[in-house]
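Chains as they are written, first to last, in our numbering: chain A, 5 to 174; chain B, 30 to 139.
Everything labelled a hint here was simulated from the structure, so no lab data went into it.
None of the values given here were measured: they were computed from a predicted structure.
Certain hints may be false.
With a cut-off of at most 35 Å between alpha-carbon atoms, the simulated DSBU-like pairs for lysine-lysine come out as follows [unchecked claim]:
(1) B:53 - A:93
(2) A:167 - A:93
(3) A:157 - A:129
(4) B:53 - A:167
(5) A:137 - A:93
(6) A:135 - B:53
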Amino acid sequence: MKTLRTTIVICLGLFSAACQAEDGKSVSQQYIETSIQRLESAIVECDSIASARVMPDSEVLGLLRQYEYEDVRVFLITRSAAMAEECQKPHLTDLAYTIGMLEASTAYSEVEDLIAGVKPLMYGKETWALKEKYFQLPESMREELESIPYFQKPFRNIPIIEKLESVNRP
Amino acid sequence: MECPTISGLRLDSEDLEAIEAIRKAQRNGNMLEIMLPAGVMTTIFLGNNSAQAAYNIHSTDWVQFADAMTRISPMVKKRIETISQMQRLRAGLSYEQTQFWRAVEAGCQP
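This is chain A alone, in the form it adopts within the complex:
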């Protein structure tokens, strides 16, 4: 009887050690939290890249002025969102995969609340709406402006829009 009790205690101890981290979090919680932290670091890093960019040169600004101002405004807003997303994509994809994997797992109840909080932050309706607006722009315009190296990395759209607007002011 004593041997059986000892065996049960050891087994429970091993089970617990395998599933719980030192701070009481389950392996699944730790796993998804790491994935979230990586994405958050990527967001900060991609934002720093955009902040560090200087204004595009006069040749690029001149090219932008050849198009309808409203189309240019839409391009700059939606393209800057797309480039930020592209920069974050490896970690965004990793978190999306982690969520899908855990949703289908037996550990789902351990991370249900966390997933319920994170998913709306990743998949707001605006994310697709911005993309849709981008693809509604004239294809030739998109192709020409996309080919400019400046618009192939994260950038700030507001300073460029303000620069273009300042020229139009009386």
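Could you slot chain B onto chain A? The hints should help.
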């Protein structure tokens, strides 16, 4: 960008819906166990009366906002930015609405 003083800002139903989406994002951010300033958008911009006709936002309000933005989770901040960008794409925004959403997106510096 500098924090603008906006006088006579009139928010329409879509603006209020976007602000509600931001509040919801903040609540979701709480699930990430990150301390967020409670109802920052409400207290800073709308007070207790969200049905007000016109708002005056002073640069000191933006100081509070900029401070709050530095303390929130990057995922929530990103979501606020995306909501603001979508608002800025709407046709027929007033000058004040444009200023408001630009400042929210850019997290203006006092």
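Against the structure, the hints:
no., hint, in the structure
1, B:53 - A:93, "24 Å, holds"
2, A:167 - A:93, "29 Å, holds"
3, A:157 - A:129, "24 Å, holds"
4, B:53 - A:167, "33 Å, holds"
5, A:137 - A:93, "20 Å, holds"
6, A:135 - B:53, "22 Å, holds"
The structure is consistent with each of the numbered hints, conforming to all of them.
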